[in-house]
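S.K.: Sequence:
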Amino acid sequence: MSDLQRRIQQAAAAAKKESSGVTSPESKSRPTSRSGSRQNSKPGSRSSSRLGSRFHSDDEDDYTTNNNNVDLLSQADELATSLSQLQSDEEAEGKGSGGKPKDKFAECIEILENDRRTSSLEAREGALLLILSDITQKYDPNKISDKLMDLLVKAYKNSRSDLESMLSLQALCIVSACEDSEIDLDQITDILPKIWSFITHKQGTENSVKTNMMYSYCLLQYFMLFGSGAFNVDSVIDSLMEFAEELTSDEAPVISAALISAGLLTSIMPNPNSVIDQYLPSFIDFLENPSTDVKLAAGKVIALYFQIYNYTEKLDEDDSEGTDDDEGELNHIQFIDYHDLYATLKELASQSSKKLGKKDKREQKSLFKDVIKTIELFSSKSSRRSLTSEDLTITHLRLSRSKSLSVDSWNKLLLIQMYKWLYGPGIHTHIANNSFIQETVKASSYELGPDPFDTSELRETVTSVDTDSKEGHKLSAVARSKKIRAERERKVLQQMS
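Each residue of the sequence shown is one higher than the one before, counting from 1 in full-length UniProt numbering.
What you were told as hints is all true, and nothing was included just to trick you.
Each computed DSS-like pair below joins lysine-lysine, with the alpha-carbon atoms no more than 30 angstroms apart:
id, residue 1, residue 2
1, Lys154, Lys143
2, Lys403, Lys365
3, Lys359, Lys346
4, Lys403, Lys359
In case anyone wonders, no lab produced these hints; they're calculated from the structure.
All chains, please: the whole structure from these sequences, using the hints.
M.R.: Here is the structure:
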């Protein structure tokens, strides 16, 4: 058992002690239908229901599983279930306060409000576990408030353990993604450097802790920048990639989290070409990493980069490589050896190493076949014109018995992977009820029809403004780029209003 797992158990025990006091022997030994069914059900059924059902059969992978992470949500849910059962037993025995059920959420808020000198670390961690369980299991905007955000920020800033830091940040991500919450940019901006410093400089920290902190760091950036033009996100991606390239093979889970984070943040850039040109070779190099998780993460982002690349962008007049004749538009991503890339991907898609388990072999083969298919379909502007919905579908996420969400882009796949980490089994209710989450999921789809980056109509409008001037008929690459950027910003402002 790791130190972190031991702390989680201690926090859960402290939360039970704070909430229950002394419990009768009967309530300890008497199982009810809820607790009994959990104990008697098959382990496989519990794990599958916790992760959420999938559209495909169990033999197929949806590529959105987060490996090597501490599952805080399962611990939080088990604690909440245990306390709920304990409360039912106390009420049945007449121990309730005036016959009114205890408000566990309010009690946890009070614990966080208390002077830290008068409350134990275990009690605060237990309170955060219960708050995290409550706000992930169901979507309730009434429980999201500025007060809760302030308490979570305070809990992180003054945290005295890795667990307290992880719990407060994950809960803060959920609060930030609530449709009715107004993100305090100053508060989030204030803690981001501390999170990054923890990830990059704290020595002796477990990989699972850094991985969870990395996901929190990425999602706070994502929620803060989504729909706002992603100002300065390229510098965040620079930091993530530099950090990933410095890590050793012993830190594979952290490398994987950094790559996924860099990919997701690239997806919100209005024009990601410069980042893709710079870092696609690095992601291709990560395919040689001995870790299967790193290879899978790199493969997902490679596919994403091909899918979101803007082939209508004009190059500088001095740079003709990768252009399409006189138009000067990009015909393919530059600086990539396509022959070597295909060879590497095909080798990974057919690899049968004895070092890989059966599940890992199946997932690796399936994913890299999809990556190869994506590159073939998105390797040029012309190849995108004949796309169908079947070409786009990667997997499905089942939301209910009759409804499923089509994962029709690599952008959406990375986003769902992050949301699975954030919400656990509660992902379905948040996608169904949280309009902000719905907006991010919808925006992550790849739109069929005209190339989403195609600005031909805009160019026709601009060039018709001054028919008497030669400059009016043919804009320079710089002017056109500015006009495109202005049009995109206008659309973002329309959506925000």
